[in-house]
Amino acid sequence: MKHIVDIKDLSGTEILSIVKRALYLKKSRVVPRTLDRKYVVTAFFEPSTRTKLSFQRAALSLGAKVIDLAPDTSSMLKGETELDTLLTIEAMDVDAIVIRTRRNGDPAKFSKHLQIPVINAGDGTNEHPTQALLDITTMYEHYGKFNLRVAIVGDINHSRVARSLTEALAKLGGSVIFCGPEEFIPKSFPDVSLITTDLQEAISNVDVIYALRIQKERIEEVYDNIEEFFKNYQINESNLEMAPKHAILMHPGPFNRNVEVSDGVVYSSRSRILDQVRNGVYSRMAVLEKATGAYEYESIQSIEKFVVI
Amino acid sequence: MKHIVDIKDLSGTEILSIVKRALYLKKSRVVPRTLDRKYVVTAFFEPSTRTKLSFQRAALSLGAKVIDLAPDTSSMLKGETELDTLLTIEAMDVDAIVIRTRRNGDPAKFSKHLQIPVINAGDGTNEHPTQALLDITTMYEHYGKFNLRVAIVGDINHSRVARSLTEALAKLGGSVIFCGPEEFIPKSFPDVSLITTDLQEAISNVDVIYALRIQKERIEEVYDNIEEFFKNYQINESNLEMAPKHAILMHPGPFNRNVEVSDGVVYSSRSRILDQVRNGVYSRMAVLEKATGAYEYESIQSIEKFVVI
Amino acid sequence: MKHIVDIKDLSGTEILSIVKRALYLKKSRVVPRTLDRKYVVTAFFEPSTRTKLSFQRAALSLGAKVIDLAPDTSSMLKGETELDTLLTIEAMDVDAIVIRTRRNGDPAKFSKHLQIPVINAGDGTNEHPTQALLDITTMYEHYGKFNLRVAIVGDINHSRVARSLTEALAKLGGSVIFCGPEEFIPKSFPDVSLITTDLQEAISNVDVIYALRIQKERIEEVYDNIEEFFKNYQINESNLEMAPKHAILMHPGPFNRNVEVSDGVVYSSRSRILDQVRNGVYSRMAVLEKATGAYEYESIQSIEKFVVI
Chain A
1270 MKHIVDIKDL
1280 SGTEILSIVK
1290 RALYLKKSRV
1300 VPRTLDRKYV
1310 VTAFFEPSTR
1320 TKLSFQRAAL
1330 SLGAKVIDLA
1340 PDTSSMLKGE
1350 TELDTLLTIE
1360 AMDVDAIVIR
1370 TRRNGDPAKF
1380 SKHLQIPVIN
1390 AGDGTNEHPT
1400 QALLDITTMY
1410 EHYGKFNLRV
1420 AIVGDINHSR
1430 VARSLTEALA
1440 KLGGSVIFCG
1450 PEEFIPKSFP
1460 DVSLITTDLQ
1470 EAISNVDVIY
1480 ALRIQKERIE
1490 EVYDNIEEFF
1500 KNYQINESNL
1510 EMAPKHAILM
1520 HPGPFNRNVE
1530 VSDGVVYSSR
1540 SRILDQVRNG
1550 VYSRMAVLEK
1560 ATGAYEYESI
1570 QSIEKFVVI
Chain B
1270 MKHIVDIKDL
1280 SGTEILSIVK
1290 RALYLKKSRV
1300 VPRTLDRKYV
1310 VTAFFEPSTR
1320 TKLSFQRAAL
1330 SLGAKVIDLA
1340 PDTSSMLKGE
1350 TELDTLLTIE
1360 AMDVDAIVIR
1370 TRRNGDPAKF
1380 SKHLQIPVIN
1390 AGDGTNEHPT
1400 QALLDITTMY
1410 EHYGKFNLRV
1420 AIVGDINHSR
1430 VARSLTEALA
1440 KLGGSVIFCG
1450 PEEFIPKSFP
1460 DVSLITTDLQ
1470 EAISNVDVIY
1480 ALRIQKERIE
1490 EVYDNIEEFF
1500 KNYQINESNL
1510 EMAPKHAILM
1520 HPGPFNRNVE
1530 VSDGVVYSSR
1540 SRILDQVRNG
1550 VYSRMAVLEK
1560 ATGAYEYESI
1570 QSIEKFVVI
Chain C
1270 MKHIVDIKDL
1280 SGTEILSIVK
1290 RALYLKKSRV
1300 VPRTLDRKYV
1310 VTAFFEPSTR
1320 TKLSFQRAAL
1330 SLGAKVIDLA
1340 PDTSSMLKGE
1350 TELDTLLTIE
1360 AMDVDAIVIR
1370 TRRNGDPAKF
1380 SKHLQIPVIN
1390 AGDGTNEHPT
1400 QALLDITTMY
1410 EHYGKFNLRV
1420 AIVGDINHSR
1430 VARSLTEALA
1440 KLGGSVIFCG
1450 PEEFIPKSFP
1460 DVSLITTDLQ
1470 EAISNVDVIY
1480 ALRIQKERIE
1490 EVYDNIEEFF
1500 KNYQINESNL
1510 EMAPKHAILM
1520 HPGPFNRNVE
1530 VSDGVVYSSR
1540 SRILDQVRNG
1550 VYSRMAVLEK
1560 ATGAYEYESI
1570 QSIEKFVVI
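Protein chains in written order, with the working numbering: chain A, 1270 to 1578; chain B, 1270 to 1578; chain C, 1270 to 1578.
Do not take every clue at face value.
Note: identical chains are not told apart, hence a pair may lie in one copy or across any two.
[Claimed, not checked] Below, simulated SDA-like cross-link-like pairs (lysine to any residue); rule was C-alpha separation at most 25 Å, straight line:
#1 LYS1378 to ASP1544
#2 LYS1307 to GLU1486
#3 LYS1296 to ASP1532
#4 LYS1514 to LEU1543
#5 LYS1485 to PHE1314
#6 LYS1514 to VAL1299
#7 LYS1378 to ASP1467
Think of the hints as simulated: they come from the structure by calculation, not from any bench. This one's a predicted model, so the numbers in the text were calculated from it and none came from an experiment.
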């Protein structure tokens, strides 16, 4: 049993074994029912489509039963705390809880009180470990290696995705650049090789351009002229020319078409966005197996030796 | 693989094979698990109970796993388009999407971008093909033939059900009459043998009276006196006397008791309303099998030779 | 087939057989799939987390498929009555309906029109039979007998739990005390041995203290000073000293921390609250089996001979 609430909880080797298992499951014609007779509860205290569906799809594939706590119709309306709700769910003899919270740190806090594995599906602006794992899986699937240069572009200050992905890449020898308007990027950040407001500087020599979702309202708070933002930071055909020909485009979704990414590039041949979605299902299968102890990963000796079968 | 978004997409022979398969499944003691290890997503962008439950029931029976996209808690709140939501769902390696939309034509439009089958569970005032298929199944089950006279009564202008059912009956040799207040009926309509404001004229010589749901507010827009409407168009004991003794009553549900149908007739011996609901499950099983290619229908040579085993 | 809408519907012997089966299922390493290929619908017309999840968990364990009617997105928005919704669900060839309603007596009323078993998951302030069954199971599990003294403390007038539990205990030889502020307790009540406003009198000689959920607003209607209520009726470390050392604390949940129960006692060693939740799953399995006739209970000759295997 293992809580997965934070990329910090996983060693580089553990991340590798999840990537390896995810890609193995993706290639399997028939997915093994390693979670047969297990019960997985999804408890999303913040709205989500893709992440919840992805976890449900993953758990069902492995043979688990999935029960969704729809928090809007819940006991919490009656004044129960979220932790008490989770303790109650645990007492129903379920095997894992997948949780999304509005508040930073809640999954970590809750996990201290729970004997069954807690999987963090995103907490506020803090962490989104399974997103990082599917991103890493997608990058490895494309490049066959981890020592990649990745530019994360957009509203980094509000992004749990940026945080988790940077931590994961750091463990695997990747190098991260942050890029965005001054108001959207931190002054400094551990494990980031460059923080810049200049898109050209950020992406001219990278393997991956990772665009973040940006709410239009947030842009309008900063810019008088939203066109200025688009010109400087939107990932579109014109700005993509600054990047190496081989660089791929990724995005955690859901995206705002023609805000942070243009219509023309979203599903272009350089985009790996739908691969990310697909790999999300298989990465989450591997995470569910790891958290519940349903599958014993082979130990992987070193990153260098890592080869996907 | 076949999208089923429009009755026009199906030949008369295909409709027959769905009816045949539905009635075969209904009689089976154990339903075959033709959708084992398949994933069906229900994406209802407009509220629905009966249609969604019916599809879920149908898919589960065939062994499929069902995942529901609850659109109110979805990424769309974050600005994602419905098409992008569907492309994301498709990327999660699911096998069929059942979709209801507010806007006419959306399922047809979306289906052009999707490689997995799209099944239309109703789009605005346009089409509701599985409703027509379950209606046809119910009529055939009762009469053992398709060349029936059917009067559709009520607010036809706003009814996707009327549209789909008329198309389906036309393909099978049935004959359709439209009846309702002038404001609720079209001036002309393809494949309709009579359009009339006179209920007596409409139903005096039919096999099926098909009442449509009418919102009270809509009646009040047209009539000063709602009693006038009830007298002229409500299907009740008194008005039913104008119809032949053998004629049956159908309604797509949900009905407004004592608006378009009276309490006394809703569950009377002439009513096939609950049979429609039951056949809905089996018709949708047949539709899911057809859409996913899970079951190869025997070819049916002609309508004349069609016999349910 | 048997509706379970009211504790009155069950004999003492039937209650015992449910308790027996629940504890047997709890100890089973592998739960038998007695509801394989059955369909259970949860129709909660009032919000609930724990009860709905508990039923879903129970039904899934037994091999049933579960379909949830989310009433906020339902046909009822279109004017359909709840009974018509249920008749429609029944027509979809499902095997049991679990229902919660706002109005007292609705499940009993609806069950008269339905051929499939109706299980009441709580109706207004009237009955909550499966809560009483899980409570009885928890008491028996702890004490190995039924002739227990139970003090129910709090807002009894608004509690369906108090009503059902009192009826159930009366059938099994238990003895019930009601305690709370005058405004919260009835003047008289069948099968209750003592009704008192004095907590000390109520709990000084009991086996079980059963605290009810109380909405703070309701307390504030009655008391100028909420501290007065806490001093007199809150179950906390200090007030618990009035009870015998062996007495256990129970609560139907969800609880309001530091309103009717204090933080310090909620999960203390005397609390059986999480056992209640766990037993809820197994009691509801037994109820589902009983309602659908999926399992033939051995007949139990008398309460005295009753021994859990």
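Which of the listed hints are broken here? 2, 3, 6, 7
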